[in-house]
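As they're listed, the protein sequences go chains A and B. Using our numbering, the first residue of the first sequence is number 126, and each one after it goes up by one. Using our numbering, the first residue of the second sequence is number 6, and each one after it goes up by one.
It should be emphasised that the hints constitute simulated quantities derived from the structure, not laboratory data. Quick caveat, the model's predicted, so the values are computed rather than measured. No residue lacks a Cβ here, since even glycine has one placed at the ideal position from N, Cα and C. Some clues are possibly wrong.
Some residues of chain B that are not near chain A, with every Cβ distance over 10 Å (derived) [what the hints assert, rightly or not]:
#1 Glu28
#2 Asn266
#3 Val270
Here are the simulated DSS-like cross-link-like pairs (lysine-lysine), alpha carbons at most 25 Å apart as the crow flies [claimed, not checked]:
#4 A:Lys319 - A:Lys232
#5 A:Lys412 - A:Lys309
#6 A:Lys655 - A:Lys696
#7 B:Lys123 - A:Lys614
#8 A:Lys515 - B:Lys47
#9 A:Lys422 - A:Lys411
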Amino acid sequence: MKAKEPKKRKEKKEARMPAPEGDSGNHNEPPLETTQAVEAEKSPPGRTGFRAALDFKARGEPFIWIMGGALALGVLMIIGFLVLVLWNGIVTFYPGPVEVVTLKNGKQIAGEPFRSESFHPSPEQMKGLDPESQRAIREADGFASRTLYRIGNFDVYNEDFKWAVAHQVAKTETPPGIFFIERKEWGPFIGFIKALKLDSRRISGEEVSLDTLYSAHDEAVDRREAVRSIEVDEIGAINYYIEEDRLALRRTELDYGKKSAEYRAEKEKFERQTKERRAGFATLKKKIAAINKEDEKYQITLREIGGREKHLRLSEIVRLYPANNLSLFGKIGVYFSRWGEFLTDDPREANTEGGVLPAIFGTVMMTLLMVVFVAPFGVVTALYLREYAKQGTLVSIVRICVNNLAGVPSIVYGVFGLGFFAYTIGVRIDQLFYPERLPNPTFGTGGLLWASLTLALLTVPVVIVATEEALSAVPRSMREGSLACGASKWQTIRNIVLPQAMPGIMTGLILAMARGAGEVAPLMLVGVVKLAPELPFDTFFPFLHPERSFMHLGFHIYDVGFQSRNSEAGKPMVFVTTLLLITIIALMNAFAIMIRNRLRRKFVEGQF
Amino acid sequence: MVSNATVIEQEAEFETTAYHPIESELGSVIDIDNFNFWYGQKQALFNNTLKIQKELVTALIGPSGCGKSTLLRSLNRMNDLIDGIRRDGTIAIEGTDIHDPRVEVIELRKRLGMVFQKPNPFPMSIFENVVYPLRVDGIRDKRLLEETCERTLRDAALWDEVSDRLQDNALGLSGGQQQRLCIARAIASEPEIILMDEPCSALDPIATARIEDLIAQLKEHFSIVIVTHNMQQAARVSDNTAFMFLGRLIEYGETKKIFMNPMHVRTSDYITGRFG
Ligand SMILES: Nc1ncnc2c1ncn2[C@@H]1O[C@H](COP(=O)(O)OP(=O)(O)OP(=O)(O)O)[C@@H](O)[C@H]1O
Ligand SMILES: [Mg+2]
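Just chain A, same shape as in the assembly:
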């Protein structure tokens, strides 16, 4: 059949060509194109005038508009969302000016203007205003405008934000001497520097030069880091080893009993080692005390706008800058230093300040681990379903079930993960391999491993469906070619089918990855926590600790946005974290797509 087709077509064309020519001669029309000629042949003579109308419907013009419109709407929504996240995320860390607002009643507010809006003052609020303002508001249909100031100094004021109604404001200034000071605790302080105490030197606020201040601050930060590194790394290591020793002792106790010779020997060893380790402990403590004593000598006295004072050690300050006296470069410097802190530090202040490094770590690691589980599992399942299973009712039912799994609410997977992985398998593992740690669970509670497995389960339908599709798209002629060469079925699958299906499989994995990385609900049950004490990756053998709980950017967004003290303060962080999460997912996807395209290029090289 196929062999003759081209010939036949040619014959048809030749047979048709003369006819329209004759036709057009009769109707005095210009010569027609071939396609039109065919239509002309079909439509009866005399009705050629209706052809345009017919064409419009036939071409499906209205549907093209609907389809195009739907696409445009979708694109618009995505762009709108991205612009919102990008803009809010990008500007958050840019230092704004600090305004000092003097109200008509003489009170002063100092703060970063956060946002402005027009509002409807309530009758009580109206009463508090002077008659002139009241009249102005009434003229404006009862509307007034107000500005929200981020005033900081939570320890002094007990609030983070304050509204200033435009009609109450007597004057707004930006005094050059005012500082924005980010502290380790209690959030930012906005106010003036009253005095600086550097060792024996005392400098009053007006005489403090920025250079002195910054260099003293840098030194203080170094001291703080030194203390932190001793506390976390060295003392952490000692604690870790003491705990290991204790577990070893407990293990011997469980194995041989408390009265055995082994236990006594082990106990002696344990006590000796612990004593040595405790000694190291004491030295470190002394070191810390020395640094702290030095640190005490460097203090700063701050004064807020109302005149109240605050004494701080310099090392308690994270960052400080004269908000109204900052060059463009200074502002950019602050901007990037904030981004740096955000990306590389631990969170502070119940996650609303500081960095998200542990969450980045947790998200990336969990996603990668999930791919490691889901890829082989999904691909192998799909291979069996498509290539080996006898296609029939049973396989169809299995396929339908798999597809429907994708519609189960993700929280159900979370419950399942907790109940099955953690409480069933994990508890068994603890009993078998970690009896010395009981009653503290090791694998018997949520953790990185169980979270990735739960998400793997959640995303496996996507991978199976995509893989099956990719497998069935491999042309039959390829398989037959391979089989005819004497390859076995498995050799054909491995050498011919799988490599060609790989781009399609990768697409499935990319989709699964995007879905998995953005999932939060099930994770809350199987291992994500607000603040993880340790990363799931560290320098102690075996380096990767899949049993540990971890932090996740998705959960971080929820936590900062809706669980923190002040949702207004959390809002910028929500945007920044969202931006980061989206960027990370996009990066991971871009990487996967790159691999896929490299694979694809290999296969789609000019089919003749």
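Since the structure of chain A is already known, use the hints to place chain B with the ligands on it.
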């Protein structure tokens, strides 16, 4: 084809096969004896009996849907891949029944190289395509692979065109080159028989001519069974021709005789184009 089925029922008894092939002095290589074949309920081959001669070219001709491909694919058991098939009768290659449970189908397919209608090179380098049958045998010896590659490409009259680009992707070749590559691949496992199912139908006349030349050369070492719709091609390249109609073998004989002086009226109708 539905109408054909009713035709079969009406003409329940077909005439016996007119049988006058040239006999090779080496004897026959494939003995097909009373072979019947069913796709599910539908019978595609009826009592086919013929002996394919060694180191000669046998052409299978007949109208579309008459079962040429089915017969050809039965020879290397490619039909085994299809669900719900059934067969009876025997096919023996060099005296061994290919359906004997002791016959390993993979070994069988290595003895019968196959070339398909549409060139189907694998998306790998030209070199890897040619040595694929050796690779699946687990052969790693680089010298042997290279030798085989060169020899088979020369046999397939492709060596001169591709010798300097063996590592390029095979999909970058032209259609005719791809088909010759597939022929090279088919002879790389050193088969005794080559099966070709309309190998030239996707090619232009020049590429077709090259492949026909190639068939004439390959004839010296291999027995070739070729399905073709091109009467001239059958006349040019084959020694024996089998004419099939509705799953039956109508006439099997020396090509010259079939084309000049067919014994069966159906054969002459088909060859002269008066068919219907
Ligand atoms: N996989 C299949 N399942 C069911 N019926 C099939 C299958 N393959 C072929 N057939 C039927 O078997 C009959 C013979 O088909 P076959 O492919 O052998 O014809 P052919 O002579 O090769 O035709 P063509 O010249 O068009 O290639 C046809 O009626 C066809 O419909
Ligand atoms: Mg065919």
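Hints, verified against the model:
| no. | hint | in the structure |
| --- | --- | --- |
| 1 | Glu28 | 29 Å, holds |
| 2 | Asn266 | 26 Å, holds |
| 3 | Val270 | 24 Å, holds |
| 4 | A:Lys319 - A:Lys232 | 21 Å, holds |
| 5 | A:Lys412 - A:Lys309 | 22 Å, holds |
| 6 | A:Lys655 - A:Lys696 | 17 Å, holds |
| 7 | B:Lys123 - A:Lys614 | 21 Å, holds |
| 8 | A:Lys515 - B:Lys47 | 21 Å, holds |
| 9 | A:Lys422 - A:Lys411 | 18 Å, holds |
Against the hints set out earlier in the document, no violation occurs for any number.
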